[in-house]
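Protein chains in written order, with the working numbering: chain A, 1 to 276; chain B, 277 to 580; chain C, 581 to 860.
Hints listed in this document are in silico derivations from the structure and should not be mistaken for laboratory results. One or more hints might be untrue.
Straight-line C-alpha distance at most 20 angstroms; calculated EDC-like pairs for lysine to aspartate or glutamate [as the list claims (entries may be wrong)]:
#	chain 1	residue 1	chain 2	residue 2
1	B	405	C	648
2	C	690	B	440
3	A	108	C	796
4	A	113	B	407
5	A	113	B	363
6	C	690	B	363
7	A	113	C	796
Note that this is a predicted model, so its numbers are computed, not measured.
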Amino acid sequence: MSAPPDDAGILAADTRPFSAVYARNARAVIWRGFRVIRSQNWIVLVSGFFEPVFYLLSMGVGLGSLVGEVEGPGGTPISYAAYIAPALLAVSAMNGAIYDSTWNVYFKMHFGKLYQGMLYTSLGPLDIAMGEIFMALFRGLLYAVGFTGVMGIMGLITTPWALLLVPASVMVAFGFASFGMAVTSYMKTFQQMDLITFVMLPIFLFSATFYPLSVYPEPIQWVVQAFPLWHGVELMRQISIGAFTPATWIHVGYYAAMILVGVAFTTRRLRSLFLR
Amino acid sequence: MISAENLVKRYGGFAAVDGISFEVAAGESFGLLGPNGAGKSTTMRMIGGVTQRTSGRLTIMGLDPERQGPEVRAHLGVVPQQDNLDEELRVRDNLIVYGRYFGLPLAYLRQRADELLAFAQLEEKAAAKVDSLSGGMKRRLTIARSLVNEPRILLLDEPTTGLDPQARHILWDRLFRLKEQGVTLVVTTHYMDEAEQLCDRIIVVDKGRIMAEGSPAALIREHSSREVLEVRFGAERNAAVVRRLEDVGERIEALPDRLLVYTDDGERSLERIRASGLHPLTSLVRRASLEDVFLRLTGRSLVD
Amino acid sequence: MTEVGAGRLRAHGPEVSAARARRWGSFYFAEHQLRSMRAYLLTIVVTSVGNPLLYLFSMGIGLAAIVDRRVVGGFDGVGYLAYSAPALLVSSAVMTCAIEMMFPVMDGFKWRRIYYGPHVTPLAPRQLAAGHIMAVGARLAVQSAAFFLIMLAFGAAPAGSAWLLVPLGVATGMAFGAPVMAYAARLEKENFQFSLIQRFVVMPLFLFSGTFYPLETMPAAMQWIGWVSPLWHGNQLGRAVSYGLAEPPWLVAVHIAYLALLGAVGIAWAGRNYTRRLGA
């Protein structure tokens with residue numbers, strides 16, 4: 001709560017940084033998120049976990065039985081399922097984060113009018129953005145734990161390093177979520193929102209999830225290596241068998257930079273996103 | 277409490293608010309009256325600091341809501357034009373979660389939520405889902421929600437639009453009680469009776485500009501007469517008889533379906549019309565209302 | 581509200597309206613739906629052209645690099661590109677149809693209540709259902725034709741009968757979409773049912789209907805998914821027309837009969853649900 005007004009009804013200004021957009025109360029938004037989770041149908045929450053599992057069963061087990069072993073990071077031969085599983089986790093982290101920070105925000109902004117209600121309280125846009133990104137990462141964390149568990153059950157985990165898949169997956173999600181909200185601030189119509197889907201599909205299909213990058217001609221390989229998902233896929237694949245190289249740091253650095261730039265970008269766009 | 281000077285809000289080339297100035301004193305009940313698209317809601321949004329003004333000066337309790345949004349809004353209660361309740365939460369949780377946005381402690385909120393449910397006559401619906409409520413119930417819940425932080429200023433954007441007569445009267449009663457408790461009310465409406473009921477002072481806004489300002493009674497005095505006599509002679513003849521009625525009242529307005537005679541004594545004017553040998557098909561004498569002022573100032577053509 | 585001048589055109593009489601609506605009502609509503617799709621024209625064009633390109637490049641060529649090296653002789657004796665392409669065409673028709681049969685239907689009954697406008701004209705509820713089906717069918721035809729042409733460009737449709745993939749895409753889409761439409765028409769409130777259908781029906785069907793590899797590759801306990809899935813039947817027919825997959829005649833008959841049955845039942849059920857919901 002802010003300071004009480006003086007006798008003439010005049011308030012003292014808050015001079016701390018970001019005071020125009022931030023009330024240091026993101027926890028209220030998070031608290032609401034957990035209330036919603038508690039009262040909603042559990043299947044809605046859980047359903048997001050299944051998509052990568054279905055892919056793993058279909059491609060890893062089905063196609064994998066035909067393909068046999070492939071060359072994993074560092075040249076180690078691994079089963080096809082073990083090859084695609086960490087990549088699927090990266091894809092699922094990306095998809096979840098993008099959905100939560102784009103469509104979800106767009107709907108709550110324009111249809112549910114949820115943010116309008118929040119903005120008329122002493123919350124600022126930065127509180128809302130932080131709270132919503134936190135909730136997106138929390139869901140991502142749940143799915144990552146679940147999926148890593150499935151990998152364990154299917155015998156795809158051979159090293160304790162694989163536990164790092166969980167934080168790495170949250171990092172990938174953070175990278176995408178920090179950008180998603182900023183991008184949504186430019187979107188005015190459904191049709192424009194569909195653009196996001198157009199951009200995400202090639203990122204998914206061309207990021208060496210189901211086959212190695214080497215199948216492409218060199219110029220295409222360069223393009224793919226610029227995509228954030230490719231770095232996520234490679235990083236997760238290395239983690240899953242504990243085979244690290246100097247490139248590991250490049251992947252981590254890529255995400256660190258992406259998160260920093262994304263957060264700065266989103267913070268700059270907050271007024272355009274929320275205060276129209 | 278609120279001081280606005282030359283407020284302007286442009287969307288592209290279109291000026292939704294085009295240089296509005298006003299002051300609202302503590303405890304006052306202030307009305308923004310105007311047709312759809314006049315700029316009322318935009319003005320409200322600027323006061324709440326949830327839309328950025330193009331130019332002008334605005335302070336709420338001494339602070340600029342754009343620079344000190346969270347602090348200003350901590351003292352505001354807002355009832356937006358369209359209910360924006362949290363559909364994912366139940367009725368009572370709507371109140372509690374909203375209070376959390378003000379950083380209020382749970383112990384207080386539990387108690388406050390029950391008080392407000394009683395205030396809005398929604399005790400039985402505490403555990404209901406929001407989308408199971410009727411329109412009137414949702415509106416009452418929105419108003420209850422706006423009070424969770426015990427605001428000193430309450431912004432109400434068309435609080436009773438779409439409600440049935442019973443619900444409107446309950447609402448007016450509740451708002452009147454808040455006014456008695458010293459809460460400053462800022463109300464937008466296009467219902468004249470509502471403005472007359474609730475507001476001490478009104479500005480009439482049209483196309484983003486202020487057309488008139490004053491108390492409801494003063495506005496009627498200034499822009500209308502005490503009574504209005506409505507007479508019909510049938511669509512064909514109305515225009516023809518206007519000339520013969522010119523001296524019956526202070527002013528005559530010819531509409532396609534009827535003639536309005538602005539006068540201080542409607543019955544006497546009617547007698548004079550009859551004495552002159554004219555026999556209207558129907559006649560009606562009524563007290564002049566803000567509606568007459570409103571139509572006089574903003575015109576009769578459709579605005580959107 | 582302007583006055584109408586002399587010499588203006590006049591509406592024909594109400595009897596004529598009623599007679600025409602009885603005959604052509606479905607087409608009138610299909611026209612309405614197609615017109616409202618125009619708002620999404622760009623999306624439709626870009627997905628119709630972009631999706632086949634992306635899928636054929638990544639799956640048909642990228643994944644093929646792994647599969648063709650490992651699977652000796654390829655599936656059915658053709659390369660992986662030719663093997664997967666017809667199934668990808670049919671799958672994308674099914675996925676598009678699923679979406680077109682969920683959200684617009686809810687929009688018609690509940691969100692924007694689009695159906696309640698035509699409902700007070702001479703159109704019958706059943707005609708609204710039929711009109712929507714026709715409009716979606718038209719979209720599927722355009723999309724499948726684009727996919728087919730891109731397959732040709734990739735050299736992924738060797739047989740002369742491959743153009744039959746276009747009607748097949750529409751038919752398989754409807755075999756799945758029409759029952760979904762009937763279900764959506766019964767739904768009073770959308771509480772994530774649509775995203776559950778996407779995640780627990782559409783997605784598994786896409787992944788377990790012999791799209792990426794023969795059904796027999798899957799464990800026996802999971803092969804029933806293919807048999808109940810319209811997608812598998814459509815995929816197999818697609819392969820038959822696209823590169824001449826030799827299915828036994830009885831099995832071809834089963835494929836066709838199953839798709840026809842699902843489509844017919846779905847359409848009839850949808851018509852009934854529209855009539856009930858709109859209370860005629």
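Status of the hints after comparison with the structure:
1. As the CA atoms of residue 405(B) and residue 648(C) are separated by approximately 56 angstroms, the hinted pair breaks the 20 angstroms bound.
2. For a cut-off of 20 angstroms, the pair hint linking residue 690(C) to residue 440(B) is broken: about 23 angstroms separates their Cα positions.
3. Using a Cα cut-off of 20 angstroms, the hinted pair residue 108(A) and residue 796(C) is violated, with the two alpha carbons roughly 45 angstroms apart.
4. For the proposed pair residue 113(A) and residue 407(B), the alpha carbon gap of about 14 angstroms is at most 20 angstroms, so the pair holds.
5. Among the hinted pairs, residue 113(A) with residue 363(B) is consistent with the structure: their alpha-carbon atoms are about 10 angstroms apart, no more than 20 angstroms.
6. Between residue 690(C) and residue 363(B) the alpha-carbon distance is near 16 angstroms, which keeps this suggested pair within the 20 angstroms criterion.
7. Note on residue 113(A) and residue 796(C): the hinted pairing is violated, with a Cα-Cα distance of about 50 angstroms set against a maximum of 20 angstroms.
In this structure, the hints that do not hold are numbers 1, 2, 3, 7, in rising order.
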